[in-house]
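Student: One letter stands for each residue in the lines below.
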Amino acid sequence: MKNTLRVLRAERNWSQADLAERLEVSRQTVNALETGKYDPSLPLAFKIARVFDKPIEQIFCPDESD
Amino acid sequence: MAFSFQEKSLWLMFISLIGGFGFYFMTVLPNDSADVMPHQVVVFVLAVVLLVIMQIVGHIVITIVDRRTETDERDRLIGLKGTRNAGYVLATGVFLALCTALLTEGNFVFTHVLLGFWVLAQLVEIGSQLVLYRRGA
Chain R
1 MKNTLRVLRA
11 ERNWSQADLA
21 ERLEVSRQTV
31 NALETGKYDP
41 SLPLAFKIAR
51 VFDKPIEQIF
61 CPDESD
Chain U
1001 MAFSFQEKSL
1011 WLMFISLIGG
1021 FGFYFMTVLP
1031 NDSADVMPHQ
1041 VVVFVLAVVL
1051 LVIMQIVGHI
1061 VITIVDRRTE
1071 TDERDRLIGL
1081 KGTRNAGYVL
1091 ATGVFLALCT
1101 ALLTEGNFVF
1111 THVLLGFWVL
1121 AQLVEIGSQL
1131 VLYRRGA
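Line by line, the protein sequences are chains R and U.
Mind the numbering: the first sequence is residues 1 to 66 in our numbering, read in order.
Mind the numbering: the second sequence is residues 1001 to 1137 in our numbering, read in order.
Source of the hints: derived by calculation from the structure; they are not laboratory data.
Fair warning: this is a prediction, and the values are worked out from it, not measured in the lab.
Any given hint could turn out to be false.
Sample of chain R residues at the chain U side, in silico, Cβ under 10 Å [what the hints assert, rightly or not]:
1) R22
2) L23
3) Q28
4) Y38
5) P40
6) L44
Note that beta-carbon positions come from the ideal geometry of N, C-alpha and C, so glycine has one too.
Here chain U stands alone, though its shape is the one from the complex (with noise of 0.2 Å):
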């Protein structure tokens, strides 16, 4: 099975993406106060960080293995629809977060559940860029 350059990096987004923010995510929650505490804004630094390295790294890597680096009109028309069906899960985010704002006590919530959603966004948007470029669209 051959990917093409932009197969790889989106490969490489979305493992690092689940890497960085499942890290975040795995050590912050459970979170027993309302408000965002600041060991862990600290632990979100860390895993933006580590996502960055992950992400720079995994790109040299793919750009030293694969030549072509230039994209075409089908690679922007898959992009575009990834982008899309990224903004369907943002905006329900959104709405959903804006809901916890009224609903819940402090900022917690309300920060996690946009943040969690703009990371579903995130990896939707990647997730449908993969599968229209396994099916050939």
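Okay, chain R solo, but in the shape it has when bound (with noise of 0.2 Å):
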């Protein structure tokens, strides 16, 4: 799965740690996330949405080999 996390993030000047407090998840998983190591469970992902205040589908697409 890729997403725009990265992107989003750098728009609203947030380091990993303030993205990882307003989702209360580690920075380490915020990390994981953005690197795509990591797909989020489907509460995470609506959390995400939220928290960009973006559709799902603005943020997360699936991969060629999804």
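Assembly of the complex is requested from the two constituent chains, each provided in isolation within its own frame, with the hints serving as guidance.
Tutor: Structure representation (structure tokens):
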């Protein structure tokens, strides 16, 4: 799963730690999400969408391998 | 290299397990008697006490250093993968321990094969979690 988390975070001048605090996850989890090594659960994906005020499909899109 | 609270905690458990049970196995092995002797039970209790003290003191230090102690969904998923891997090792160990119970005299070999595989399963559980954390999975 590809995502635009890093771009969205940079637009808001948030650090990974800032985003982690908003999502109530660890900074390492935010890093894993941004690098595409970890796909979030549906509840976390909805939370991310809420934090960035965007629909899920604008943040996440399936990889070619998915 | 920044470690999360969970990683620090796992490293502590990994090292204390090796320390505690390393001390135990180095003290009781090799063994001449077929059965577990009372002094070996004392060594086992000492090893467990040593392990518990190392983990309590270590976790107090880690908690003071790292304020965020809560787990998130990725931590829980990594934990489950570690438990699954440990399950394979433990199942193998139980099977081999049962074989030794049938093939050897006394209870020493049986209990130590079982204990050895339990420790190995714990190390595999923790070790596989550490690998998954480092891979960023």
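Student: Would you settle whether the hint for R:P40 is holds or violated, based on the nearest Cβ-Cβ distance to chain U being less than 10 Å?
Tutor: At about 7 Å, which falls below the 10 Å cut-off, the nearest Cβ of chain U leaves the hint on R:P40 intact, so it holds.
Student: Identify whether the interface hint at R:R22 stands, where standing means a beta carbon of chain U within less than 10 Å of its own.
Tutor: violated (13 Å)
Student: Taking the least C-beta to C-beta distance, is R:L44 closer than 10 Å to chain U?
Tutor: Because about 6 Å separates R:L44 from the closest Cβ in chain U, which is inside the 10 Å limit, the hint holds.
Student: So, R:Q28 near chain U? Judge it on the closest CB pair being under 10 Å.
Tutor: holds (5 Å)
Student: Against chain U, is R:L23 within 10 Å by beta-carbon distance?
Tutor: holds (8 Å)
Student: A closest beta-carbon separation below 10 Å is what the hint needs, so does R:Y38 meet it against chain U?
Tutor: Because about 6 Å separates R:Y38 from the closest Cβ in chain U, which is inside the 10 Å limit, the hint holds.
In summary, the one numbered hint that this structure violates is 1.
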